[in-house]
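Next come the chains, spelled out residue by residue.
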Amino acid sequence: MELKEARNGVPPLRRIVVGAETPPLKVSGGVPADLIEPEAPAVDDAPAWVEESMRTEELSIAYGEKVAVNGVSIEVNAGEILALIGPSGCGKTTLLRSLNRLVELTPAARRTGRILLDGQDVDGFDVTHLRSRVGMLFQQPNPFPMSIFDNVAYGLRERGSRRPRRRELEPTVVDALERAGLWHEVSGNLNHPALALSGGQQQRLCIARALAVSPEVLLLDEPCSALDPISTATIEETITGLRDEVAIVIVTHNMQQAQRVADRVAFMYLGDLVECGPAANVFNAPRAERTAEYIGGGFG
Amino acid sequence: MSRLGRLERLTGRPRAGAGAPSSWSLGDRIGLGLAWLSGISLCVVAAVIVAYMAYKGLQFLHLEMLTTSPEASMDQSKSGGFLDPILGTLLLTVIGIAIAVPVGVGIAVWLTEYGRPAVLARAVESGIEIVAGTPSVVLAIFGLLVFQQAFMGIFSFTAEGGAVFGRSFVTAGVMMSVVALPMVIGSTREALSAVPRHVREASYALGKDRASTIRRVLLPSARSGIATGATLGMGRIAGDTAIVVILLGASMTITPEGGLLGLLRGTGSTLTSYVYNNSPAGEGNAPEKAYAAAFVLLLVVLLLNFVVGLIARRSEPKWS
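Those sequence lines, one after another, are chains S and F. Residue numbering for the first sequence follows numbering that gives the first Met the number 0, starting at 0 and increasing by one per position. Residue numbering for the second sequence follows numbering that gives the first Met the number 0, starting at 0 and increasing by one per position.
Each hint should be verified, as a subset may be incorrect.
[Unchecked claim] Here are the simulated distance ranges between beta carbons: (1) S:Pro228 with F:Ala210: 39 to 47 Å; (2) S:Asn190 with F:Phe156: 29 to 37 Å; (3) S:Asn190 with F:Glu128: 52 to 60 Å; (4) F:Gln148 with S:Asp122: 27 to 35 Å; (5) F:Ala210 with S:Thr239: 34 to 42 Å; (6) S:Pro228 with F:Val47: 57 to 65 Å; (7) F:Ala120 with S:Ser186: 45 to 53 Å; (8) F:Ser192 with S:Thr105: 13 to 21 Å; (9) F:Gly114 with S:Ser186: 41 to 49 Å; (10) F:Gly257 with S:Val126: 52 to 60 Å; (11) S:Glu288 with F:Ser22: 39 to 47 Å.
Hints in this document: simulated from the structure, not taken from any laboratory. Beta carbons: idealized from backbone N, C-alpha and C, even for Gly.
Could you put together the complete structure from these sequences and hints?
And the structure:
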């Protein structure tokens, strides 16, 4: 519709969506799927060995006249880490921000196409409910100016009519800090201001803050771009450790990082989803020329 | 050092070396000399004001002046102290700031977090500028006009025959809040704008709406900015004379009739009006008392400025 027309005047882009029709090879826990294919098919109608968590269907997003995401259909599976890669301005961050409808905060943004969470259209959800099921981490660590405890408890408070007591929240807070790998560093000073932590610790605190509300999907927008290599390694370790608990979508500029953490990789270029498949395939045997050029460092 | 560093960043030019000015053109060297001179003159003027007021003030100030009420007497040794003006300054400042802070913070939040429609936001900004630029004597006359209306009678006393007096701590306090308002709005807006967008988004991403984001994240982040604005506003209120003279009246003593309500509806004086009335320009012609009270007023305002510095130095939330 208008989104497509908006590109008039721009040279037609090749829409190379390799393997979008044939389901991409699924992986689980980093092991190629064909190695763990069950010998006999499941007898009942239980979900297949990969459980879909989120899916977009022909999702397009434009800021005014500028199309940022163009007809992208992609699925996010439980138990795996999906990396969105591509050059700056390719729409990967917009795609990510559309999954928790944060893109709606931009007044000029328009969206067509559907986004499904567990098979339900996210437009049908209360946005508060959606965002507690789909958490997010930002480029810059952004703890709130309050104590470490209050940061993690932030999402839990004001959910109901009654303000929960600290004692009731404590187990959840401790659990979230443990899962984010921060508990042993802050266990003694939960009342200290969060902004006094180091950058890497702040980012893990933000992970804990997102985990505290038990999301099903975690969106990471270049979570390590403001961090030093050691903090980056710690965060990556934390992220990969969370793989089994929560579906993760990570936007990254860093090819090495995508290779280190991702199970599946989606390459985007000028708003199009060019290629999506298991990380090993995309990096070692990319099917589209653009992907090969980008991964080979030809542009970006 | 840090200022030069900032200059360096702004101009993108390396800082001139130690011997550099000697290689400058004559015009540049004269300019530099004048800049030095202006800076030093300002220091001298400030030092002279403080030193002279301290000299005169300490010469005439006695501790009992701070604890005794003024007496109507032409004899300066019998005209008492200025306890009532001190209390009046305090009361007026409290009333003014108690109104200015919630209103100012509300306006600042609306402008930074909502600000739509844009036309209305621009109108509000112009309004703030107009209020900030209006001389307080104009505000005072306007206040008198408003508060002398019959339906404003509850804010001050009504004379026999039904004329509303229009002058009281409340009416002066309301107009004083207008004086302080631009300070509160300005520094709150600055503090709110310093909160990066992704911090707000982090709150939205946790399922919070705008209202609880403002309440739980933004206002706590702006706390020291709000405090700075409030303190600056208090300095303005404590130092304003026109509103006191016109809207508070010239009764030197505070004579509450009927408890707190009577106090608020009653008239009184402040250090500024006391200085004015006792100076040769006023009617009292008691310059010694004027000097002493002016010194106390100067101390109060300098103290408030010092507090502003303390608040500003206290670490504001900083995100990388």
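- request: Could you tell me whether the CB distance from Ala120 of chain F to Ser186 of chain S stays inside 45 to 53 Å?
  value: Given a distance of about 46 Å, which is inside 45 to 53 Å, the answer is holds.
task: Confirm or reject the claim that Glu288 of chain S and Ser22 of chain F have a C-beta distance inside 39 to 47 Å.
output: Once the Cβ atoms are compared, 59 Å apart, the range 39 to 47 Å for Ser22 of chain F and Glu288 of chain S is violated.
Range hint compliance [Cβ, Asn190 of chain S to Phe156 of chain F, 29 to 37 Å]: Roughly 52 Å apart at Cβ, these two residues miss the hinted range, so it is violated.
task: Could you tell me whether the CB distance from Ala210 of chain F to Thr239 of chain S stays inside 34 to 42 Å?
output: About 37 Å separates the Cβ atoms of Ala210 of chain F and Thr239 of chain S, which means 34 to 42 Å holds.
Assessment of proposed distance window 27 to 35 Å (beta carbons of Gln148 of chain F, Asp122 of chain S): violated (54 Å)
- request: Please test the hint of 13 to 21 Å on the beta carbon pair from Ser192 of chain F and Thr105 of chain S.
  value: holds (18 Å)
query: Would you say the C-beta atoms of Pro228 of chain S and Val47 of chain F sit inside 57 to 65 Å of each other?
result: holds (58 Å)
- prompt: Do Pro228 of chain S and Ala210 of chain F keep their Cβ atoms within the hinted range of 39 to 47 Å?
  reply: Given range 39 to 47 Å: holds, Cβ gap about 40 Å.
- prompt: So does Asn190 of chain S sit 52 to 60 Å from Glu128 of chain F, Cβ to Cβ?
  reply: violated (43 Å)
query: Could one say that the CB atoms of Gly114 of chain F and Ser186 of chain S fall in the range 41 to 49 Å?
result: holds (43 Å)
query: CB of Gly257 of chain F to CB of Val126 of chain S, is that within 52 to 60 Å?
result: holds (54 Å)
Hint compliance for this structure: hints 2, 3, 4 and 11 are broken, all remaining hints hold.
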